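Colleague: So the sequences go chain by chain: A and B.
Sequence positions in the first sequence follow our numbering and run 1 to 416.
Sequence positions in the second sequence follow our numbering and run 417 to 677.
Keep in mind that the hints were calculated from the coordinates and are not lab data.
Among these hints, one or two may not hold up.
Computed cross-link-like contacts, DSS-like style, restricted to lysine-lysine with a CA-CA straight-line distance of at most 30 Å [as the list claims (entries may be wrong)]:
1) Lys112/A / Lys358/A
2) Lys544/B / Lys282/A
3) Lys209/A / Lys336/A
4) Lys414/A / Lys544/B
5) Lys258/A / Lys11/A
6) Lys40/A / Lys121/A
7) Lys358/A / Lys589/B
8) Lys358/A / Lys282/A
9) Lys414/A / Lys258/A
10) Lys106/A / Lys147/A
11) Lys106/A / Lys121/A
12) Lys112/A / Lys147/A
13) Lys258/A / Lys210/A
14) Lys336/A / Lys544/B
15) Lys544/B / Lys358/A
Which chain B residues stay away from chain A? Per the calculated CB distances, all over 12 Å, these [claimed, not checked]:
16) Ala461
17) Glu474
18) Ser575
19) Arg579
20) Arg597
21) Thr639
22) Glu646
23) Pro656
If you want the ones that stay clear, here's a sample from chain B, every Cβ over 10 Å from chain A, calculated [stated by the list, open to error]:
24) Arg446
25) Ala456
26) Arg460
27) Ala468
28) Gly649
None of the values given here were measured: they were computed from a predicted structure.
Cβ coordinates follow ideal geometry from the N, Cα and C atoms, glycine included.
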Amino acid sequence: MPADGKPALIKKIRSAGPMRELMGAYFRELDEASKTGSAKVAWCTSVGPAELLRSFGFRVYFPENHGALLGSSRLAPDLIPAANAVGYSPEICSYLTSDVGSYLRKLTPLTKAFGMAGPPKPDILVYNTNQCRDVQDWFAFYQREFKVPMIGIETPRSIGDITKDHLDGLVGQHRALVPTLERVSGTRFDIDRLRETVKCSHDCTLGWKKVLRAAEHVPSPLTFADGTIHMGPAVVLRGDPRAVSYYESLVAELEERKAAGVGAVDGERWRFYWDGMPVWGKLREHTELFSSRRACIVASTYCNSWIFEGLAEEDPFTGMARAYTELFIVRSEEFKQRYLEGMVRDYGIHGIVYHDAKTCPNNSNDRYGLHVRLTRSLGVPHVVIHGDLNDLRLYSEEQADTQFEALIEQLESKAV
Amino acid sequence: MGRALYCGVDVGASATKLVLADGAGEVFARAVRPSGVDYAATARACLAEALATAGATEADLVRTVATGYGRGNVPFADATLTEIHCHGLGAHHFVPGAITVVDIGGQDNKVIRLDEAGGRVDFRMNRKCAAGTGAFLEEIALRLDLPLGDLDGLARAASGSVRLSSFCTVFAKTEILTHLRRGAKVSDIVRGAFASVVQRVIEMDPLEGRIVLTGGVAAHHPTIAAILAERTGREVTVPPYPQFTGALGAAIGAARGPGGQ
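Model the full structure from these sequences, guided by the hints.
Modeller: As structure tokens, then:
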């Protein structure tokens with residue numbers, strides 16, 4: 001408890017220290033590879049074929065992770081205009097515009113956090129459009145800047161059931177990447193090395209899933225904000241054994257909290273689900289506001305989007321094709337509704353917050369009436385807040401806070 | 417004077433409204449001032465004025481609840497409630513039963529659905545945009561070089577209604593220039609602006625059941641209620657002193673004790 005005697009609104013997870021060290025090591029390795037040429041650097045979309053790249057010995061850098069850092073450090077609103085000025089619309093992905101702005105302005109949070117002058121220079125750019133088309137255009141900017149190869153996978157979207165035809169097409173696309181990766185890396189493709197990497201990535205996924213599922217416990221040992229912090233290794237180090245070890249220790253810590261009845265929010269009374277992207281620059285304020293009302297955001301579509309259960313060492317290409325297509329964001333509205341109904345049930349959710357991010361339509365699930373249908377089917381109330389992942393100029397704090405509070409009031413009035 | 421008074425303060429984007437009421441919601445005094453930049457000072461000034469009107473002193477105040485965007489800036493408040501909650505309480509006080517409350521404020525709009533007992537079923541707020549709010553009408557008045565208070569008379573007397581199609585307050589002003597250039601009557605433009613406000617509200621929610629219209633816009637521009645009734649085909653009730661509905665709700669919340677539910 002802090003000196004003022006009031007309960008802490010944010011409880012630190014002990015493992016945050018080791019995680020920072022791990023992320024520091026990851027970035028230092030990238031920086032060294034970039035500076036010395038000791039290893040080739042591949043830039044990859046966050047839900048892209050990282051395992052395949054690691055099997056060739058690439059150091060893998062994820063621009064979306066940098067986008068999130070630009071958002072959480074609140075540098076993004078100052079950088080986005082630089083990208084706008086060279087023709088990138090303020091209406092498109094603000095990860096893209098803040099990252100391009102960061103490149104143009106030569107300003108990055110990596111300097112303060114890890115002593116890096118900038119992101120590592122790529123030898124190749126590899127994307128998967130499973131999340132959106134913007135990633136392709138994002139990487140194309142750097143293809144023109146660095147004059148390096150850009151290859152990728154175009155995933156179908158709005159998929160209901162995943163069929164053999166879907167998988168066959170995607171396996172073919174994954175295999176088609178191999179010759180270019182061999183040429184750029186100077187390494188011959190090795191199926192056993194890929195199997196090993198895929199197995200390691202799958203183990204990481206299982207650990208990450210255990211972390212998130214710990215929040216089914218009442219009170220929840222972690223919040224959405226904790227999830228967004230601790231997902232770092234699942235995003236940037238899957239396929240690396242250090243990520244597997246990290247989640248073992250984090251799961252142990254959360255199990256300790258569960259056994260001791262320690263919740264992330266003191267006196268947890270209300271449990272919320274967050275759909276859509278975080279408002280990175282306001283994550284702390286959101287956590288404090290909910291905590292102050294004894295409410296905890298216990299689960300989210302966002303954090304669960306880095307669970308890749310389909311990965312399979314026995315058939316690594318099909319496993320990757322499946323794992324990167326099973327994702328929520330790739331799926332049909334019917335699938336999404338069933339998925340969210342399951343989450344509400346599993347986590348004992350009292351209310352849902354939908355974040356409609358102006359520049360991220362694919363992660364804004366209120367746009368086709370899903371939120372209305374879900375409230376009708378489950379009777380669980382919701383609010384829609386309008387904002388953005390990185391561009392805080394699109395976010396109205398007062399309106400969002402009033403809606404959060406009003407939703408909690410609504411639940412409290414029904415409980416009286 | 418020895419009366420038990422409950423105070424509700426609604427610190428809104430444009431104006432601060434304060435109500436002193438008894439435990440049954442009977443109002444003894446009201447005060448309203450522009451919110452200005454010092455919310456605490458404005459709230460205090462409203463309180464002093466209302467106490468003087470009621471012939472009461474601060475010692476008569478049992479409990480105070482603040483609401484509105486500046487609800488956290490009222491030092492004499494015992495608790496805060498959101499304006500969504502308070503408009504619901506205030507509207508249901510005058511119109512008991514299942515109702516849909518439409519609050520058109522200076523900076524935002526709300527649609528609040530209440531059940532028979534006044535419990536909230538759900539609510540909606542407008543997007544981060546001033547189109548369809550009081551701020552929109554203020555801008556239109558400026559563009560037309562009219563005092564804000566003249567708008568309602570003009571809208572009521574209009575023989576037609578110019579369609580304003582823009583979602584954006586700034587572009588709507590540009591659109592008005594086009595209409596003026598083409599010779600449209602000012603009164604028809606004003607009525608068109610009122611209709612545009614109503615249209616933005618209708619886009620927020622299907623607006624079922626009996627509608628209760630609250631907020632400063634309804635107070636200053638009662639023709640909006642007639643247009644809302646016409647466009648929805650539903651009965652629209654405007655409670656007495658609609659600008660004070662939120663403040664009254666806060667006073668009722670204060671009388672209900674901690675939680676104000």
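Colleague: Under the constraints set out in the numbered hints, which ones does this structure not fulfil?
Modeller: Hint check: nothing fails, all pass.
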